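Novice: For reference, the chains in residue letters:
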Amino acid sequence: MNTWLKIAVAILVTAMVCVPVTATAIGNNAQTLNVAGSTTVQPLMLELQKEFEKFANVDMNVTGGGSGVGISSTLNGVADIGMLSRDMKYDEGQGRLVPHVIAMDAVVVIVNKDAGLGDDPDLTMKQLADIYSGKINDWGEVGGKSGQSIAVVAREEGSGTRDCFEGALKKYAYSNFEMKDRVNSVNSTGAILAAVNNTPGAIGYINFNVSGGIQGNTSTVSVDGISATKESILKDPNDPDRYEISRDLILVTDGTETGMVKFFLNWIMTGDGQEIVEKAGFIRIDGL
Amino acid sequence: MTDGRDSIKKVKKFHHDAVMKYVLLAIASVTVLIIFFIILFILINGVEALGDIGIVKFLTGTSWKPGEGSYGALPLILGSVLVTFGAIMFALPLGLGSAIFISEIAPKRLRSILKPICEVFAGIPSVVYGFFGLIVLVPLLRNIFPDHLLFGTSWLAGSIILGIMALPTIISVSEDAMRAVPMSYREASMAMGATRWETTRKIVVPAAISGIAAATILGIGRAIGETMAVMMVTGNSPIIPEPLWNFFEMLRTITATLALEMPDVVSGSTHYAALFLLALVLMIMVLAINFTAKLIIKRSRRKFGETMSSGSSLNRITNTAKRRPVSFHILMLISVFFITLAIASALLDLFAGFICASFALTVFALVSTVIRRSGSRPTAYMISKRMPKILRSAVLTALFVFAWMVASLFADTSTSVLAAFIVLIVAIVFIPVAKRMGARIREKVAHTSLWLVIVMVVAILIALLYDIVSKGLPALSIDFLFGYPEEGGLSGGIFPAIAGTIQLVFGTMMIAFPLGITSGIYLAEYAKNTRSTKIIREAIDILNGTPSVVFGLFGMAAFVIYLGTGYALIAGCITLAVMVLPVIIRTTEEAVLAVPRELREASLALGASKWETTMKVVIPAAFGGVVTGLILSLGRAAGETAPIMFTAAVVFRSSVSLSLLDPIMALPYHLYFLATEVPGSETMQYGTALVLLIMVLFMFALASVVRYRYSKNIKW
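As they're listed, the protein sequences go chains A and B. Taking this note's numbering, the leading residue of the first sequence gets 1, the next gets one more, and so forth. Taking this note's numbering, the leading residue of the second sequence gets 1001, the next gets one more, and so forth.
What the hints contain is simulated information worked out from the structure, not anything from laboratory work. For clarity, every value in this text was computed on a predicted model and none was experimentally measured. Don't take every hint at face value.
Straight-line alpha carbon distances no greater than 30 Å define the calculated DSBU-like cross-link-like pairs of lysine-lysine that follow [said to hold, decoys possible]:
hint, chain 1, residue 1, chain 2, residue 2
1, A, Lys-180, A, Lys-126
2, A, Lys-171, A, Lys-126
3, A, Lys-113, A, Lys-230
4, A, Lys-180, B, Lys-1057
5, B, Lys-1065, A, Lys-180
6, A, Lys-279, A, Lys-230
7, A, Lys-170, B, Lys-1065
8, A, Lys-170, B, Lys-1057
9, A, Lys-113, B, Lys-1471
10, B, Lys-1298, B, Lys-1108
Listing some non-contacts, in silico: residues in chain A with all C-beta distances to chain B over 10 Å [unchecked claim]:
hint, residue
11, Ala-56
12, Gly-77
13, Asp-122
14, Lys-126
15, Ser-133
16, Asp-163
17, Tyr-172
18, Val-221
19, Ser-227
20, Thr-229
21, Thr-256
22, Val-261
23, Lys-262
24, Trp-267
25, Glu-275
Derived Cβ-Cβ restraints for the label pairs, each shown as a range [what the hints assert, rightly or not]:
hint, chain 1, residue 1, chain 2, residue 2, range
26, B, Leu-1473, A, Lys-170, 47 to 53 Å
27, A, Lys-170, B, Ser-1414, 42 to 48 Å
28, B, Leu-1409, A, Gly-216, 48 to 54 Å
29, A, Gly-255, B, Ala-1026, 22 to 28 Å
30, B, Lys-1057, A, Glu-53, 45 to 51 Å
31, B, Ser-1070, A, Arg-96, 24 to 30 Å
32, A, Tyr-174, B, Ser-1070, 17 to 23 Å
33, A, Ser-175, B, Gly-1492, 23 to 29 Å
34, A, Arg-96, B, Leu-1593, 51 to 57 Å
35, B, Gly-1492, A, Gly-143, 38 to 44 Å
36, B, Ile-1144, A, Tyr-174, 34 to 40 Å
37, B, Ile-1144, A, Lys-170, 35 to 41 Å
38, B, Ser-1414, A, Gly-143, 33 to 39 Å
Glycine included, C-beta positions come from ideal geometry on N, C-alpha and C.
So that you can see chain A by itself, here it is in the shape it has in the complex (with noise of 0.2 Å):
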């Protein structure tokens, strides 16, 4: 019994130890870069880390959470730089965050292949819409397979990949586009991956860094007869033969960056930062 009460009396003295410890930790951190944000920059974050600690001598924090968190860590100064993979909406900066722009991304729509659209499957921006509005809801309705239900998937509501496609939507079909509300929402791309490979007659967007990699029983559709490939992304605004589903990649801070920020913001714009957005599947900015 005596045993177990030293062991009792043991772990709560540990405990006690512990707790001050770790709170004065979690204020001791000034030597480090911190970066919080999205996920889907991310991954992107990790490589570019990877690289520039041997680079600089930093030491980086790089947390996931989601664009809002982003926002939040930079405006409370939790963290240094905030990851978005969309646009700040309304007042959410408070006129104090600095967007920085750091690779394009796109969104590609995919199509299980019950959907009976062939092997290069294209649909115009407005049957898009159309789709995702719930105006149609039939493939025969679209050069499909008749009497095939189309199954939508759409990201949840505030993720930065579903309001680039909305706002493509709204830009270049109808500008009241709203998306209906009987959509299966999950809230990353893979589960729209893989949702959209396992309903016949499915629907998705996903982004463009993992479409390359889309095999099984979904193919990834071309609209309005452009698919989405790192040229056709980069095209001129106003060139017809531009993908038009595409947005930035954008890091912000807090006022104008000053020091290792800076640092580190000039670098990802070298040759070198470019390179590895390339790698991560985003399209790079720098002209290469």
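Assemble the complex: chain A is given as a structure, and chain B must be docked to it using the hints.
Specialist: Just chain B now, with coordinates in the frame of chain A:
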């Protein structure tokens, strides 16, 4: 030894006693402060949204589109209610049937097998149920109803999974209630020539009805706060099903909304506050449910206390059987509300449906209260004499409406009405036939159906376990257990997830044990029965009933964003610790209180101080109970996903870090990630599920071994 020295020692000892009392008090107050802080935190953050949105708009708005600034939470609240309602429709017959079987019919040996099986059900983590639902149930439903289910993810799938999860609560609590009915009741009934089934139906079940109602309500409470399993199988569309009973529609619960949208919101924004307000609504719902259950349990305890001591037990039991208890009344009210709502919203619109339903509810409540109150007055007597007939026609009407509702999902109006009529006629024909059957035959039929029910329930569990074990075993290998994930989770191992879960459990233990145990001991041994103690107990109960996703919300807002830990082991540990604190406090307190007073009195009479008595007499005696509670709480912490998915767990770690400030991988979150985001990783999913299951069930097995050993050793 001289007298002087002895008394000095004594003074020291009692001085020591007072000091220890205040140390305990201090630690208990810290715990209480934490609890109040969390409740306040959610309250304040949520109330902020009221100004921006407006309570009426929030509760009655039918469109949840935070992107466009519309925060109508009705679809989400209805989503939670409907999915839970469906779960209970599924779980109540199965659960009640199993409970009757275990308590009344099963041979002793079978019972001793079935009870632990039931506990295994309760121990399986939510994410494993969700995984099973997603990978087995959803494709199955899609194949059965190809015209109705595009995805398979639906209200129906959610309700079935939630129903399975609510089963253990319903079974064990109502079985306890039935076992608590004194044996003499059964003997009296049998002596009058009743069959065993008649005894069960007319004596045991009515006598235990409060306990059964409490079990159901507790099951509802568990189901409504569930996050992971529901989120994985319901499809998450924030819509109100059309028609309202269309269980093929996808819907979204409050919990799933919190889990889906929390990472995307900016702290301080309206959306952020709206999520906290949702959490608050959820907490109030769960609180109301648990409070009702507590009330009913209290009542039934009092009832049995009286019946067992007073001589007129037979008199009382006939009374209970005749006078419908309050819980029955409540159930009737709820069904009136929903049936009217369903019909009216089908004919008119949803809003009108609500008004009609509330009206019907009020009328029904008034009428039935008048009948109950008016006691021996002639009109009331007339009505109560006809009550069985009224009741039967009510049941038949409900059956008709229900049949029509289900049929209308498959066929047009006229066909479905016809189908409902056929069901009605069959029922009307069947009742007299059943009445005319001999008591023996009825008993045979009843017992056979109960056998079927228990076989079904056990089959569900075995199917689940068999599926996971048989497909998970091939995945297990040294490389899997000690390797790192590769190709985004498609191959490789899960070592960092295993390590992360162990780190989480260990950290949770470090924080929760000292706080929880000392607070429990303080409450049991030192706290006086004052109002402040009562408030503390209430606060602990509130925290105990709080859904785990709310803790995740709190952890993210308080640690990840506000304190700026980012996703970190420490944030996850504190969140989990806060979650299991009430369980630890409660079980410690109960175990300590279960130690007979005579032991303490004997120790004090021998001259020991209060502190010595507590440490050397009470705690050793309560040790088994305390340790059992601790292990169970850790088992729960190991399997939880919602509290860590916004605070500590990430998808990938390239090394196992011991730093408290680094994020970790964890088994439940890794399973969730693989199941929802990595198509083609089935083997890895099953392997992860199996490892998680083994870890959690091992802890539960350990707990029951400890409990068994100590209950055997200590006898008073």
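Novice: According to the definition I'm using, a residue is off the interface if its beta carbon is farther than 10 Å from all beta carbons of the partner; does Asp-163(A) meet that for chain B?
Specialist: violated, 7 Å
Novice: Mind checking the hinted window 17 to 23 Å against the Cβ distance between Tyr-174(A) and Ser-1070(B)?
Specialist: holds, 19 Å
Novice: Holds or violated: Lys-1298(B) with Lys-1108(B), Cα cutoff 30 Å?
Specialist: holds, 29 Å
Novice: Non-interface claim for Ala-56(A): all C-beta distances to chain B beyond 10 Å?
Specialist: Given that every Cβ of chain B is farther than 10 Å from that of Ala-56(A), nearest at about 20 Å, it holds.
Novice: If you draw a straight line from the CA of Lys-171(A) to the CA of Lys-126(A), is it 30 Å or shorter?
Specialist: holds, 11 Å
Novice: Has the hinted range 51 to 57 Å been met by the Cβ atoms of Arg-96(A) and Leu-1593(B)?
Specialist: Holds: the Cβ-Cβ distance is about 56 Å, inside 51 to 57 Å.
Novice: For a C-alpha distance cap of 30 Å, please report whether Lys-1065(B) and Lys-180(A) respect it.
Specialist: Given that 30 Å is the threshold and the Cα spacing comes to 11 Å, the pair holds.
Novice: Against chain B, does Lys-262(A) keep a CB gap of more than 10 Å to every residue?
Specialist: With a cut-off of 10 Å, Lys-262(A) remains clear of chain B, as the shortest Cβ separation is near 21 Å.
Novice: Is Lys-113(A) close enough to Lys-230(A), meaning Cα to Cα at most 30 Å?
Specialist: holds, 25 Å
Novice: Looking only at beta-carbon atoms, does the pair Leu-1473(B), Lys-170(A) fall within the given range of 47 to 53 Å?
Specialist: holds, 51 Å
Novice: Within 23 to 29 Å: is that where the Cβ-Cβ distance between Ser-175(A) and Gly-1492(B) falls?
Specialist: violated, 47 Å
Novice: For the pair supplied as a hint, Lys-113(A) and Lys-1471(B), is the alpha-carbon distance within the 30 Å limit?
Specialist: holds, 28 Å
The structure does not agree with the numbered hints 12, 16, 28, 29 and 33 stated previously, though it agrees with the rest.
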